[in-house]
Amino acid sequence: MTPSRRTMLQGLVSVPLAMAALPAAAQAPTAVQIVGTGAMVHAVRLIAEAFMRDVPQSIVTVAERDSARALRAVLYGTADIGLFTARELLPPGEAAKKLAVATLGWDAEVVVVNRNNPVDGISLDDLRRIYMGETQNWQVVGGADHAITVYENLPETGAAELWENHVLKGPRFLTPKARVVDVDRMQAAIIQDPGAIGHVSHALLHRRVKALGIDGVAPTAATILDGSYRPKVEMMTATAAKPTPAASAFLAYALDPAKGQRILATAGIRPAQ
Amino acid sequence: MNRRRALAALAGLPLIAGWRWPFGNEQHRRSSLIVAGSGRMLGYNREIEVMFEKAHPDIDMVCEGGGSYPGLLALKRGLIDIAAISHELTRQEDDPRLHIHLVAKDAVAIIVNPKNPIQSLGRDDLRDILEGRQANWGMFGGGDAEIDLIDRRGGDPTDRAEAVDAVIGHHEPFKNVETYVGSDAEMIAAVADNPDALGYCGWEDLTPDVRPLMIGGVALSRETMLSGSYPFAWPYYYVTLGEPGPAASRFLAFARTDAVQSAFAKDGLLRVY
Chain L
29 MTPSRRTMLQ GLVSVPLAMA ALPAAAQAPT AVQIVGTGAM VHAVRLIAEA FMRDVPQSIV
89 TVAERDSARA LRAVLYGTAD IGLFTARELL PPGEAAKKLA VATLGWDAEV VVVNRNNPVD
149 GISLDDLRRI YMGETQNWQV VGGADHAITV YENLPETGAA ELWENHVLKG PRFLTPKARV
209 VDVDRMQAAI IQDPGAIGHV SHALLHRRVK ALGIDGVAPT AATILDGSYR PKVEMMTATA
269 AKPTPAASAF LAYALDPAKG QRILATAGIR PAQ
Chain E
127 MNRRRALAAL AGLPLIAGWR WPFGNEQHRR SSLIVAGSGR MLGYNREIEV MFEKAHPDID
187 MVCEGGGSYP GLLALKRGLI DIAAISHELT RQEDDPRLHI HLVAKDAVAI IVNPKNPIQS
247 LGRDDLRDIL EGRQANWGMF GGGDAEIDLI DRRGGDPTDR AEAVDAVIGH HEPFKNVETY
307 VGSDAEMIAA VADNPDALGY CGWEDLTPDV RPLMIGGVAL SRETMLSGSY PFAWPYYYVT
367 LGEPGPAASR FLAFARTDAV QSAFAKDGLL RVY
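Taken in order, these protein sequences are the chains called L and E. The number in the working numbering is simply the position in the first sequence, starting from 1, with 28 added. The number in the working numbering is simply the position in the second sequence, starting from 1, with 126 added.
Because the hints were derived from the structure by calculation, they are not lab data. We put the CB at the ideal spot given by N, CA and C, even for glycine. Possibly wrong hints are sitting among the right ones.
Said to hold, decoys possible - Computed footprint of chain L on chain E; a stretch qualifies when at least three of its residues, placed anywhere within it, have a C-beta under 8 Å from a C-beta of chain L:
1. 224-235
2. 354-366
3. 390-399
Bound-form chain L, shown alone:
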């Protein structure tokens, strides 16, 4: 059993205990501060809102920062829960023992193009060349003779961080011609621009853009569920090794199949439970 799975099971066992640890409505509010990355933030915000409606006087704040900064906030004690997507960012050695990690769910970062683009799939290598600016015309990858417009997410976001780690990899750089925008503007532009390419979390996918297969795997609910569509994204939480009762209660709620996990599924994320 992996540590994360064990942590999740411990979390589930402790649900009633953690909920009991919450103060009654008449007492002082219970606060949980969450800091985290990318599409996780979108989904966890929905869970936080449901938690605040279900647990009177509870306060859950969620701020968006990249994975490394989220983990740092937990280590410094300035956040109760960090949301992150790359295990390699966990601190080495003794510092790692200060954190408890759980898997909340699984997401996939989906390559998107204009719906009229005849290309249905692309290889990871071709994708890398497009994002580096080496390939600049769709004809090279089997499409029409049309210039490629590369869209990238804002540098503060988990999506840009993920692309840097999983697609560009190593000492390679994003083409300076890339248009760097937020995810809403990216999808709005791709709807209009027949040469556009971008990438978004499956949870945030707009129905008027076309998702491409990667290395022969189509982006369907099934391939995202079974993890064969890549880059897949493990959505993890980190807390102090001994989290506060409020943070434990929130995590238990987030991992509850009837509560937080159901919300994750409606947000397009494969629940861990």
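Starting from the known structure of chain L, arrange chain E on it as the hints suggest.
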């Protein structure tokens, strides 16, 4: 704008640094604490200062404004103990040495007359209206009527007009303003009297005479402001360089107490503890 503020604040830094001198002679008995930064937070900081010095008479506290960015610069140069920051720190502003403590949140409501059929505007829609590119409700699904934009008179650094600028990334005077008003109460009265009006006010000042718009489909509520789903909400942070010193630690603990959080709530902020 930021550059101008930074220069002004930097000019004041020797003065701020000099404040340490009067306390230096009796350091064995007294300690000092300098908090500087966000103009929007200054009034709240001064309110806490009075409460804090009463509870901790051995600490002499000084509060100054100057702006979030100059405050951060002063902190990084060791000239102040705590920087007050009223926005999410970017990756460029952040630094592994910074400890970022959330102490409150605030939000602005974008308001229309209850007779207006529009329920929701996107952030880009709102930017287009405020910057004069769109001026008719018909463009957003409403009736064919001019949008009567109502703005607050400028000049007050704590004014929410500045907050609206900050959250939508707009730094020029609004275009096509129909009416200027001097307070949130006047803003609400003007919007309540005009079925074509568009204005804004503090979330806590809302009355049934006006209706807050959803932004990007997200309704303004306590839960969505705290979770961050509602986009026109912002954090108030106290930031330290490394582990806070003894006086700063006591101040940060004090800021989390029910007394301070209740005072924030009384002032119309969202408590986070």
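These are the hints, each one checked on the structure:
For the segment 224-235 of chain E, the assignment as covered by chain L holds, since 5 residues bring a beta-carbon within under 8 Å of that chain's beta-carbons and 3 suffice. Under the rule that three or more residues need a Cβ within less than 8 Å of chain L, the assignment of the segment 354-366 of chain E holds, with 3 such residues. Evaluation of the coverage hint for the segment 390-399 of chain E: fulfilled, as 3 residues show C-beta separations to chain L shorter than 8 Å, against a requirement of three.
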